[in-house]
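K.L.:
Please model the entire structure based on the sequences and the hints provided.
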Amino acid sequence: MKILTTPRLERCIGCHSCSLACARLVHQRLSWDMAGIRIASSGGLSTGFEARTCLACTQAPCALACPTGAYSQRRGGGVIVRKNICIRCGECARACPVDAIYLDPTGDPFVCLHCGKCVPYCPHDCLEMKEVGGGSPAGKAAAPEVAA
Amino acid sequence: MIRDYFRVLIVDLASGKGKVANVPGRDEVAGGSGLGAFLFAKYGKADKPWDDPEQPVIFAIGPLTGYFPLMSKTVAAFKSPYHDQYAESHAGGRSALALKFADLDAMVLTGRAPSPSAVVVGSRHLELKEVHYLWGLNIQESGKLLRRMFRGSGHRSILRIGPAGEQKSAMAGINVDTYRHFGRLGGGGALGAKNIKAVVIIGDGSFPLMEGKDYPKLFEAVYQKLTATDMMQKYHNLGTPVNVAILNEQKALPWRNLQATTDPNVHGITGERFAETALLRNAACAGCPVGCIHIGFSRERFQTDYRYFYRQVSYDHEPIFATGSMLGVTDCFAVLDILDVVEQMGLDVMSAGVALAWATEALEKGIVTENETLLPLKFGDHNTYEMAVRHLAYGANDFYRLLAQGTLKAAAHYGGGDFACVLGQEMAGYATGEVFFTSQALGLRHSHLDSAGYTYDQTHKDKDVGQAVDFLMKDEASRAFLTSMVACLFARGVYNEELLADCLQVVGYGSMAGNIDAISGNIQKLRWQTRLTTGFNPQSVSIPKRFTEVTTRKGRVDSEFLAALKGDYARRIMEMAPSEDPSQS
Chain A
1 MKILTTPRLE
11 RCIGCHSCSL
21 ACARLVHQRL
31 SWDMAGIRIA
41 SSGGLSTGFE
51 ARTCLACTQA
61 PCALACPTGA
71 YSQRRGGGVI
81 VRKNICIRCG
91 ECARACPVDA
101 IYLDPTGDPF
111 VCLHCGKCVP
121 YCPHDCLEMK
131 EVGGGSPAGK
141 AAAPEVAA
Chain B
149 MIRDYFRVLI
159 VDLASGKGKV
169 ANVPGRDEVA
179 GGSGLGAFLF
189 AKYGKADKPW
199 DDPEQPVIFA
209 IGPLTGYFPL
219 MSKTVAAFKS
229 PYHDQYAESH
239 AGGRSALALK
249 FADLDAMVLT
259 GRAPSPSAVV
269 VGSRHLELKE
279 VHYLWGLNIQ
289 ESGKLLRRMF
299 RGSGHRSILR
309 IGPAGEQKSA
319 MAGINVDTYR
329 HFGRLGGGGA
339 LGAKNIKAVV
349 IIGDGSFPLM
359 EGKDYPKLFE
369 AVYQKLTATD
379 MMQKYHNLGT
389 PVNVAILNEQ
399 KALPWRNLQA
409 TTDPNVHGIT
419 GERFAETALL
429 RNAACAGCPV
439 GCIHIGFSRE
449 RFQTDYRYFY
459 RQVSYDHEPI
469 FATGSMLGVT
479 DCFAVLDILD
489 VVEQMGLDVM
499 SAGVALAWAT
509 EALEKGIVTE
519 NETLLPLKFG
529 DHNTYEMAVR
539 HLAYGANDFY
549 RLLAQGTLKA
559 AAHYGGGDFA
569 CVLGQEMAGY
579 ATGEVFFTSQ
589 ALGLRHSHLD
599 SAGYTYDQTH
609 KDKDVGQAVD
619 FLMKDEASRA
629 FLTSMVACLF
639 ARGVYNEELL
649 ADCLQVVGYG
659 SMAGNIDAIS
669 GNIQKLRWQT
679 RLTTGFNPQS
689 VSIPKRFTEV
699 TTRKGRVDSE
709 FLAALKGDYA
719 RRIMEMAPSE
729 DPSQS
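These protein sequences, in sequence, are chains A and B.
Residue numbers for the first sequence, in the numbering used here: 1 to 148.
Residue numbers for the second sequence, in the numbering used here: 149 to 733.
A portion of the hints provided could be inaccurate.
Straight-line alpha carbon distances no greater than 20 angstroms define the calculated SDA-like cross-link-like pairs of lysine to any residue that follow [claimed, not checked]:
| # | chain 1 | residue 1 | chain 2 | residue 2 |
| --- | --- | --- | --- | --- |
| 1 | B | Lys-165 | B | Pro-262 |
| 2 | B | Lys-361 | A | Leu-25 |
| 3 | B | Lys-292 | A | Ser-41 |
| 4 | A | Lys-117 | B | Lys-361 |
| 5 | B | Lys-365 | A | Ser-41 |
| 6 | A | Lys-117 | B | Thr-375 |
| 7 | B | Lys-361 | A | Arg-29 |
| 8 | A | Lys-117 | B | Lys-365 |
Note that these hints are calculated values from the structure, not bench results.
P.N.:
Structure representation (C-alpha cells):
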C-alpha cells in the first residue's frame with residue numbers, strides 16, 4: 001500500500017500542476033480546489049508554498065466523523081471514499097485537523113485518494129508515493145476508489 | 149467553462165455595483181488581446197481623455213486559459229496615460245487562472261470610486277471595499293494587508309498599485325502577486341485615476357471537463373513538450389537574464405543611455421552571475437510548470453552591528469538592462485537594490501530605468517542641473533538611483549513629474565530629445581538594429597514582444613525593407629492570436645498553429661480551430677483600428693538620433709534603411725485604418 005507524501009515541498013514553485021492534474025484526471029474537473037492536493041502560499045508568495053493534502057492518518061478523524069460510512073479507513077492510511085452514500089454534511093472536513101478536505105459549494109468533499117496521479121506533473125519532484133505496507137502489491141499504487 | 153460568448157463582469161466603481169453581460173463575438177475575436185480591443189470599442193471613449201471616469205480598465209483571458217500549460221496570462225486594456233491612446237499590457241502570476249475560476253472571460257472597470265477602494269470579485273462575490281488606509285502604502289505593505297483582509301489564499305490574485313499609480317504616473321505599473329506586472333504604458337496610473345488601489349480576484353469556481361480521453365491525452369502531450377524537452381530550458385535555467393551576456397557579446401546591450409552596446413564589465417550582471425550569487429529560488433505563474441520567475445534578494449544593513457533585513461526581488465533580462473547596463477550599474481546586488489525600490493514604488497522598471505538614464509546624460513551635458521534632478525545622478529552610482537526612483541514615483545518636483553509622463557515629454561521641455569531612448573515608449577533591452585527599433589517604435593504595444601524584430605536583426609544582414617516588414621506584420625498577427633488564447637509568449641515555440649487548433653478543437657471550440665488565420669487577421673486589424681481611432685499616427689513617429697549612432701553586430705545603424713522600414717511599416721499599419729466604427733469591422 002502506498003501513500004502520497006510531500007517530502008520536498010521546499011522546491012515548490014506554486015504552479016498548481018498537481019492540483020490541476022488531480023482535478024483533471026481523478027475528478028474530471030477544471031479546478032484547483034476540487035483536488036486532493038491544494039497549494040497555497042504560506043503567508044504570502046515571498047514565504048514559499050505549502051500543500052494541503054491528506055497525511056494518511058491510520059485512525060482517520062474524517063472517517064470516524066463520517067455518519068454514513070462514505071469515508072472509511074483505508075489500509076496503510078487515509079480513507080476510502082464512496083461518494084454515492086455521502087450526504088454532504090461536511091463533518092469530514094470539520095474533523096480534519098490539517099484542512100486537507102475541500103468542500104465545494106454544494107458540500108461535496110474532495111480528499112486525496114493516494115492514487116499518485118498528481119506525482120508526475122510536479123516539475124520539481126516535490127511529491128513521492130511512499131510504500132507503507134498494508135496489502136497492495138509492492139510498487140503498485142491502489143486504484144482510487146471514488147464510486148459515484 | 150466553454151461557451152460561444154464572453155461572460156463579462158462590468159463594475160461601476162462609482163456605485164460599487166456590477167452586472168454580468170453575455171457578449172457575443174467569440175468566433176471573431178477569441179479572447180485576450182482580441183477581447184480587450186473588442187470591449188474597448190464597446191465600453192471605451194475614443195474621444196475622451198484617458199483619465200475620464202468613463203474610460204474602462206479591462207482585464208481579459210482567453211479560451212484556453214487554464215486548460216493547457218502556459219495558458220497563464222491576462223491582458224489588460226485601457227487608454228494609456230502615457231500617450232492617451234489605446235494600450236495593452238500583459239501579466240501572469242495567478243491573475244489568469246483566478247479570473248478563469250471566478251468564471252469570467254473579462255472584467256471591465258468603469259467609473260471612479262468615490263474614495264480609495266479595492267475591487268473584490270469571485271465566482272459568487274462582488275464587493276467594492278473602501279480602503280483609504282492603504283492609499284500611500286507601497287507594494288509590499290499593501291500586499292501584506294490585502295492578504296490578511298480577503299479570503300482565498302493560494303487561489304486568488306492580488307493586483308495593486310504603489311505610490312506611482314496613486315500619482316497617476318504614466319510610468320506606473322500594476323503589480324500582480326508580488327513578482328509579476330502589467331508593467332508598461334501606465335496601467336497603474338489608469339487604476340489610480342479610478343481610485344482603485346487593488347483588485348482581488350478570488351478563483352473559487354470549478355468546471356466539468358469534456359468527457360472522454362482526448363483532452364487529458366492532448367494535455368499530456370503538451371505538458372511533455374513543455375517540460376521534457378529542451379524547448380523551455382532557457383526560461384527554466386538562467387531565465388531571460390541569459391540574454392545579458394549574449395546581447396553584450398553581440399553588441400546589442402544598451403549601456404549608459406545607449407552610448408555603447410557592449411561593455412567588458414558585463415560580468416557583474418550576467419544571468420550566470422545572478423544565478424550563482426543572488427538567486428534564492430524560482431516561482432511560477434499558476435498553470436505553468438516552467439517556473440521562469442527568478443527571485444533574488446536585496447539585503448540592507450540597518451545598524452552598525454550586523455543587523456540586516458532582506459527582501460525578495462524578482463529579476464529578468466529587462467529589469468537588469470534597465471537598472472543595470474542602462475544606468476552603468478555593474479553589480480548584481482546593486483541592481484537588485486534598485487529593483488527593490490522600483491517594485492515598492494510600483495513603477496514600470498523599463499520606463500523608469502531608461503528615463504533616469506536620459507536624466508543622467510542630460511545632467512552630464514548641462515541640459516538640466518541638480519536643481520532639476522535634486523541628486524548628482526551619475527552612471528554607476530546605484531545609491532543615488534535608488535533615491536531618484538522615489539523622486540520619479542512621487543513626482544518630487546516639476547522635473548520628475550514631467551519625466552514620469554515620458555522621457556520625450558521632459559526632453560521637449562528641457563531639450564535632449566536626440567538622446568532620449570524612446571521607441572514609442574522607453575526602449576526595451578535590445579539594441580539589435582533597425583528592424584527592432586522599427587518594431588518597437590511602431591508596434592501596437594511598443595513592446596519588444598509585439599514581434600520578433602530583434603530576432604530578425606540577429607538573423608538577417610540584408611536590407612530588404614519589404615521582406616522585413618512582411619515578417620513584422622505576419623509575426624505580429626501570429627502573436628496576437630497567441631495573446632488572445634492567452635498564452636505566455638515564452639511558449640510560442642511550442643504552440644504553433646497546428647497545436648493551437650488541436651487544443652481549441654479538443655476543448656470544444658471547433659469553429660475557431662478551423663479558422664485561425666482569419667481570426668488572427670481580424671484581431672490584428674481590430675487592435676490597430678482601436679489604436680488608430682484613439683489617435684495613433686504611425687507616420688508621425690520619430691526615432692531619436694541616438695538610435696542612429698549605435699553600432700551593432702551588423703555595423704553602424706543605417707539611417708536610410710531605418711527610415712524606409714519605418715515608412716513602410718507605417719503604411720502597412722495605416723492600411724488597416726477603420727472606415728467607420730471599429731466595433732463593426
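K.L.:
List, from low to high, the hint numbers that the structure doesn't satisfy.
P.N.:
5
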